[in-house]
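Visitor: Each chain, letter by letter, is given below.
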Amino acid sequence: MTHSPHTAPPTRLQRVLASDFVFDFTRAPLAILAAAVVAFLFLVAILAPAVAPTNPFDPASLNLMNGFTPPMTDNMFTGERFVMGTDDQGRDLLSAIIYGLRVSLFVGVMSVLLAMGIGVSLGLVAGYVGGWLDNLIMRIADIQLTFPSILIAMLIFGVLRGIIPPDLRDEMAIFVLIAAIGLSEWVPFARTVRATTLVEKEKEYVQAARLIGLRRGQIMWRHILPNVIGPVLVIATITLALAIIAEATLSFLGVGAPPTEPSLGTLIRIGQDYLFSGEWWILTFPAVTLLALALSVNLLGDWLKDTLNPRLR
Amino acid sequence: MLIILARRLAQAMLVLLLVALISFAIFRFVGSPVENILGQDATVTDRNELIARMGLDDPIPVQYARFVWKALNFDFGISYRTAEPVADLIASRLPATLELAFISALMALSAGILLGIFTAIKRGGFIAGFVMTTSLIGVSLPTFLIGVLLIWLFSVELGWLPSFGRGDTVRLGFWETGLLTVSGLKSLILPAITLGLYQMTLIMRLVRSEMLEVLRQDFIKFARARGLPERMVHFRHALRNTLVPVTTVAGLQLGSIVAFAIITETVFQWPGVGLMFINAVYFVDIPVMSAYLLLVGTLFVLINLIVDLLYLAIDPRIRDRNLRGGGG
Amino acid sequence: MPDDSYLTVTGLSRHFDISEPWLARLVSGRGGRLLTAVDDVSFSIAKGRTYALVGESGSGKSTIARMIVGLERPDSGTIRIDGQTAFDPVSGPTQDSSLRQKLQMVFQSPYSSLNPRWRVGDILMEPIRAFGLISEETAQQRRVQELLDQVGLSAPDADRFPHEFSGGQRQRISIARALASNPHFIVCDEPTSALDVSVQAQVLNLLKQLQRDLQLTYLFISHDMAVVRVMAHRIGVLKDGRLVEENEPGALIESPREPYTRMLMDSTPRFAGGMAG
Amino acid sequence: MTTPLLHVDGLSVEFPQRRQRLQALDGISFTLEAGEVLGFVGESGAGKSLTGAAIMGLLEPPGRITAGSITLEGRRIDGNAAGVRGREIGMIFQDPLTSLNPLRTVGDQLVETIQLHLNLPAEAAGARAAQLLEEVGIDPARRGAFPHEFSGGMRQRIVIALALAPEPKLIIADEPTTALDVSIQAQVLALLRRLCKERGAAVILITHDMGVIAETTDRVAVLYAGRLVEDGLTAAVIAAPRHPYTRGLMASTPNLDAVSVDTVLPQIPGSMPGLSALPDGCRFHPRCDVALPDCSRVAPVFAHGVACHKFAAEQKGEAADAG
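Protein sequences appear in the order of chains A, B, C and D. Position one of the first sequence corresponds to residue 1 (the working numbering), numbered consecutively onward. Position one of the second sequence corresponds to residue 314 (the working numbering), numbered consecutively onward. Position one of the third sequence corresponds to residue 642 (the working numbering), numbered consecutively onward. Position one of the fourth sequence corresponds to residue 919 (the working numbering), numbered consecutively onward.
A few of these clues could be false.
What the hints assert, rightly or not - Among the chain B residues that face chain D by a calculated CB cut under 7 Å, a handful are:
| no. | residue |
| --- | --- |
| 1 | Asp370 |
| 2 | Phe532 |
| 3 | Ala538 |
| 4 | Arg539 |
| 5 | Gly540 |
| 6 | Phe548 |
| 7 | His550 |
| 8 | Arg553 |
| 9 | Asn554 |
| 10 | Pro629 |
| 11 | Arg630 |
Unchecked claim - What follows is a list of derived Cβ distance ranges for each label pair:
| no. | chain 1 | residue 1 | chain 2 | residue 2 | range |
| --- | --- | --- | --- | --- | --- |
| 12 | A | Ile229 | B | Ile335 | 31 to 37 Å |
| 13 | A | Asp273 | B | Ile335 | 54 to 60 Å |
| 14 | C | Ala796 | A | Arg215 | 17 to 23 Å |
| 15 | B | Lys383 | A | Ser121 | 36 to 42 Å |
| 16 | A | Arg215 | B | Arg544 | 40 to 46 Å |
| 17 | A | Ala18 | B | Met326 | 55 to 61 Å |
Honestly, the hints are just simulated from the structure, not real lab data. From the three backbone atoms N, C-alpha and C, an ideal C-beta is built for every residue, glycine too.
Looking at chain A on its own, in the form it has when it is part of the complex (with noise of 0.2 Å):
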């Protein structure tokens, strides 16, 4: 950055077009198309109903005779085609794997809030205020982290069932699924903000804040909390693929998203069981959107890692 005393300070546009961030992301390809994919699997997530050739959750719309029809092929019956065929009950994939990817990215993404949310709090707390609760919170994400947080999300899942009435189950699955995949994923979120805050806490800029008289809170919030969010950006972004990866494997599982709001997980153990007898469709392409939607993530993760800390490239 060159300074010249008298040349008026570029407005905030300017600046961002300038930054080296932007400078580095026009010039990765990987980075450029992974960032594509992810914003138009968002979109289409998002335009679901807009989109998506048929409503799969309708009745109405499901016609059992269509049920395995390949992509691309009349159905020997009704003579309809699908572009990516149906499952056993007729319902258009392509439709399945939208409202699906709906649900396994609304999860992804409140469940990432959550764990942000609790993570940087409580790594923010933990760092500046120090002492037992430091000792305390830390010691409690050492344990958690000893567990893996697939094994964790499964067991808040398998709790919270226990406590909800069975006959809401289903109806609260999804917000079981978050609250679960949240929990088992707020300790990277609290290390890294805990690590960041004892090393900015250390700064002088900090003591002068508190030679003014600033209250613990208000240094906290306003002096520490903009300078960690380099690094928590890079782990939302890693924590989004495990998020959208762990949701799929519960699912998967049978245990997360209910079958009323399948997922993409939901989707592929259906095809699991027609792998067998010659659909490949009902499996390969939930399986392939799931990949592209992960593999895009981490993509735009690790050249978020790389770019915001140049050193490790």
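Using the hints provided, position chains B, C and D relative to the given structure of chain A.
Guide: Frame of chain A, contents of chains B, C and D only:
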């Protein structure tokens, strides 16, 4: 050294008691044990009798102590679903899981570390770049999908390997092993790859980034300035310093292999404790869930303890810091 | 104590607990251990003057600075600032914001003393708002520009981020922030030790000029005898937390009483026939 | 004329960045005789450490040498410095805390270096290591200790022992005492100078401190923004600096012999330009109080030990007066 050992052991015990507490809480408070055993339409006298027999009217700390005591004697109660003692259930299924986890861990560690070193040293090279990008696919592929794809390719399309089960097993005392029969070994291949692949990519990426971090440090620059050839810089100086942080995380990863086995076992219908657990979650079979948690917790605490001690053996700085105080 | 002293420190001490964890202590049978960072230090600074504390790393100079501004709590001793008690062992530190407003600090590192995510204008505005000095927005802006001007920066610099400035310029921003609350007393903790020599002279001159213009009183912390020589009206030499010698600069340098002071000066590299200040 | 120990001619180093290439060194030339102590002085970013790294072939990628040559006793070593590294040229870095491998004992690291370069059997190498430790003032019995068990000054002594172990002809010391306390600085510098003199090894001492230069070096080279601006015998340069930057640098260094607190220190206005915004012509001209019109357009030629238009013009004037 003795002090550290004592402290680590004390910490491990504490964690175990905590895990037991969670496990107990699940056992005691999730759903009602009485209803689960007797059903909803039992009489009040039946219920009261059971409550008294199970000691559910004792103070909670007493119940907890009893729970821990029973657990120490391998008494985890009776499965709600199969009405078998949970301990027997676990004992019959544990060998399958441990064999699978062991083989996968071996694979993940050896291949992961080798590839990690390779991609760190050859950073910027074509092959290393290719491996790195491919590894991202490995991280993005859910374990269950890897399993399903392997089944599709090697069982359905090629018909080379079995798609489910453990094959034939041989009984060695209390241990039932599949490692000694051809069909057992063949059955192991696909699940082991499925379970190990994801861990391998993680370990590889970890080793790479740690090694790059070490290679950037001053003492590496100074080692080069002393005229040490690259081979010595990499293997005598960088590698050892890399393995210190890698040990911890690799240890954790190994622990998580046992838990990830849940997924693999479901895909391949592998008769291990993971499959047992997932069924328990599905049917809200609380005693099995709580026992599984206790089992996995003990395993993790054990691994952590070993990793910690290993760490102390490798790094003289930690050794001294612990002796001089200030740790914690 | 002379009447014109602005700051008076009496019997200031600070210990750090460096004991082993209790379990290790129990096993090894050793008791707790204390590290004495500052040991019974007393001095006073005349109004409008600069008092320098000089010493090597671990001599306790920064701990003293931090205790005086209230970032750290002394174990014993009293601190009186401008007639007010800032700390005494009975009532502890005062929470008086009017006192806090009078003392400010300039830190060592030009890189970590400014929040990288804040614009310079916001950095300078923060003390003004925190102490409620000026309530009206345009007056606040005017004050920020005045501060920038005072330290030799220009008005548009308020919209820039710290990383756009050189080390010397950042240290000027730090000084401007310290000035923002209209303090009477500034603790300068090694303010130039991270700067290049040619820039160090600029910052030292700026501090001197501000002292003249605003009648500021300085406590100047440094490890560099030569820097202290050109800055201080009085010098205290610290060794292992104790004040071993104190004198006017000329007398101290010409005839040091303590061998430690002599050693410090002998090991300060200088060039023959050197350019006098 | 005999071949000098080290000859650097027109050395330029470049760092390709996102949007531009930063020229970190521009045409540095100097000669070093055997046994000589040459000081490189300059402020941060002047390129003094880079010069050392370039000679050692240890430029951090993507930095690279774009022009010039480095010859050691008549052999080109730019491009293949690995062959002489350690054996013929040793190096000492600023921070003794991080220069040693924390996981291996100091004896281990010494023996490793000795065996590699001197082909000694293990026993002889061990004896040699003990002797080296003794020479730098460390009890040889402590060779089994790990780096963290030594103080900063002790560690820098160990680093010096490591650099001297293969009996190199040249030691490059990059700010070897900046991280140490003043009282220890003097000891370590004296030790380094004595050991090198005893072995007839030449030294390139990189520092930002004119005082260190004055007390330790035979000759001094002043760098500014990637260019050499002045070069000469230390005593001569300090007595009569010819470049306005050298003059300013010396004048602005606070001195123990200052007269009074009320005097204003001489200062150079502004600060050294960053590599991305180097001015045309003489890179010092925006801060120079005696700049001529040419200074902002034409880079001055390095002649008579200095690169300055003003000095050249005065020389010409004197020559004309004399003639």
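Visitor: Under the criterion of a CB-CB separation shorter than 7 Å, is B:Ala538 in contact with chain D as hinted?
Guide: Where the cut-off is 7 Å and the nearest Cβ of chain D is about 4 Å from B:Ala538, the hint holds.
Visitor: Would the stated hint for B:Phe532 survive a check requiring a Cβ distance to chain D of less than 7 Å?
Guide: 5 Å, holds
Visitor: Under the criterion of a CB-CB separation shorter than 7 Å, is B:Phe548 in contact with chain D as hinted?
Guide: Check failed: Cβ of B:Phe548 comes no nearer than 12 Å to chain D, outside 7 Å.
Visitor: Given B:Asn554 as an interface hint, is its Cβ closer than 7 Å to any Cβ of chain D?
Guide: 6 Å, holds
Visitor: May I ask you to test the interface hint for B:Gly540 with respect to chain D, counting a Cβ-Cβ separation under 7 Å as satisfied?
Guide: B:Gly540 check passes; min Cβ-Cβ to chain D is 2 Å, inside 7 Å.
Visitor: Tell me if the interface restraint on B:Asp370 is satisfied: Cβ within less than 7 Å of some Cβ in chain D.
Guide: 58 Å, violated
Visitor: B:Arg539 was flagged as interface toward chain D. Is the shortest Cβ-Cβ separation under 7 Å?
Guide: 4 Å, holds
Visitor: Given the hint of 17 to 23 Å, is the C-beta distance from C:Ala796 to A:Arg215 inside that range or not?
Guide: 31 Å, violated
Visitor: For the hint on B:Arg630, does the least C-beta distance to chain D fall short of 7 Å?
Guide: 5 Å, holds
Visitor: Is 31 to 37 Å a correct range for the gap between the Cβ atoms of A:Ile229 and B:Ile335?
Guide: 33 Å, holds
Visitor: Closer than 7 Å between Cβ atoms is the bar; does B:Pro629 clear it against chain D? Give me holds or violated.
Guide: 4 Å, holds
Visitor: Identify whether the interface hint at B:His550 stands, where standing means a beta carbon of chain D within less than 7 Å of its own.
Guide: B:His550 check passes; min Cβ-Cβ to chain D is 5 Å, inside 7 Å.
In terms of the numbered hints stated before, the structure departs from hints 1, 6, 13, 14 and 16, listed from lowest to highest.
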